Amino acid sequence: MTQWRWLPFADLSRTDLYAVFTLRQEVFVVEQRCAYSDIDGRDPEAMHLLGVRDGQLAAYLRAFLPDAQGVATIGRVVVAVSERGNGTGRELMEVGGHRIWEAFGPHPIRVSAQRRLHRFYEELGYEVTGAGYDEDGIPHLPMQHPGPARG
173 MTQWRWLPFA DLSRTDLYAV FTLRQEVFVV EQRCAYSDID GRDPEAMHLL GVRDGQLAAY
233 LRAFLPDAQG VATIGRVVVA VSERGNGTGR ELMEVGGHRI WEAFGPHPIR VSAQRRLHRF
293 YEELGYEVTG AGYDEDGIPH LPMQHPGPAR G
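Using the numbering used here, you'd call the opening residue of the sequence shown number 173 and step up by one each time.
Fair warning: there could be bad hints in the mix.
[Stated by the list, open to error] Ranges of calculated distance between the beta carbons of each label pair, as one might list FRET restraints:
| hint | residue 1 | residue 2 | range |
| --- | --- | --- | --- |
| 1 | GLY213 | ARG186 | 16 to 22 angstroms |
| 2 | TYR305 | GLY242 | 19 to 25 angstroms |
| 3 | ARG177 | GLY277 | 18 to 24 angstroms |
| 4 | ARG225 | ALA275 | 20 to 26 angstroms |
| 5 | SER284 | GLN197 | 16 to 22 angstroms |
| 6 | GLY257 | PRO311 | 18 to 24 angstroms |
| 7 | SER209 | LEU179 | 20 to 26 angstroms |
| 8 | PHE193 | ALA275 | 21 to 27 angstroms |
| 9 | GLY259 | PRO311 | 21 to 27 angstroms |
| 10 | ALA207 | GLU266 | 30 to 36 angstroms |
| 11 | ARG186 | TYR305 | 32 to 38 angstroms |
| 12 | GLY257 | GLY213 | 30 to 36 angstroms |
| 13 | ARG205 | PHE292 | 17 to 23 angstroms |
Just so you know, the hints here were simulated from the structure itself, not pulled from any lab data. Owing to the predicted nature of the structure, the values given are computational and were not obtained by experimental measurement. Ideal Cβ positions, reconstructed from N, Cα and C, are used throughout, including at glycine.
Generate the whole structure from the sequences, applying the supplied hints.
Following this line, the structure appears as structure tokens:
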């Protein structure tokens with residue numbers, strides 16, 4: 173069972189930060205062979221969702237407050253290789269969306285989705301909102317979830 177922790181940067185322990193930066197580096201830099209600056213100075217302004225299973229960081233994302241247009245942003249979505257294919261990625265995005273709506277209100281959420289994962293995001297309610305683009309050598313699509321149904 174995955175334990176989910178939703179924390180501001182200041183509440184992340186050194187051990188948490190080490191695990192987050194290690195997982196992001198293993199996937200984004202090494203596995204995807206993408207030389208870019210993962211530590212971009214934006215972590216302190218984000219909320220962080222850590223999914224821990226059996227004492228190891230299994231999944232992670234960071235979330236940003238809604239912008240001037242009222243749209244929140246999810247980024248650095250990452251699932252450990254050992255956790256792929258078992259629903260952890262879906263759970264990460266679902267928990268992340270709910271935590272954003274609880275914390276910030278029923279805002280739309282944007283994500284810069286790797287093109288190869290666009291169907292995954294569509295199944296979660298995200299829609300393509302523009303033309304594809306290259307981000308650090310990887311094809312991406314802008315996608316957005318409209319927010320929770322209001323009723």
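Going down the list of hints, with the structure as the test:
1. GLY213 <-> ARG186: 16 to 22 angstroms: At roughly 18 angstroms between Cβ atoms, ARG186 and GLY213 fall inside 16 to 22 angstroms, so the hint holds.
2. TYR305 <-> GLY242: 19 to 25 angstroms: This hint holds: roughly 23 angstroms between Cβ atoms.
3. ARG177 <-> GLY277: 18 to 24 angstroms: This hint holds: roughly 21 angstroms between Cβ atoms.
4. ARG225 <-> ALA275: 20 to 26 angstroms: 23 angstroms, holds
5. SER284 <-> GLN197: 16 to 22 angstroms: This hint holds: roughly 19 angstroms between Cβ atoms.
6. GLY257 <-> PRO311: 18 to 24 angstroms: 22 angstroms, holds
7. SER209 <-> LEU179: 20 to 26 angstroms: 23 angstroms, holds
8. PHE193 <-> ALA275: 21 to 27 angstroms: 23 angstroms, holds
9. GLY259 <-> PRO311: 21 to 27 angstroms: 25 angstroms, holds
10. ALA207 <-> GLU266: 30 to 36 angstroms: For ALA207 and GLU266 the Cβ distance comes to about 32 angstroms; the hint holds.
11. ARG186 <-> TYR305: 32 to 38 angstroms: Since ARG186 and TYR305 have Cβ atoms about 35 angstroms apart, the given range 32 to 38 angstroms holds.
12. GLY257 <-> GLY213: 30 to 36 angstroms: Holds - the Cβ-Cβ distance for GLY257 and GLY213, about 33 angstroms, lies within 30 to 36 angstroms.
13. ARG205 <-> PHE292: 17 to 23 angstroms: 21 angstroms, holds
Comparing the model with each earlier hint shows no violations; every hint is respected.
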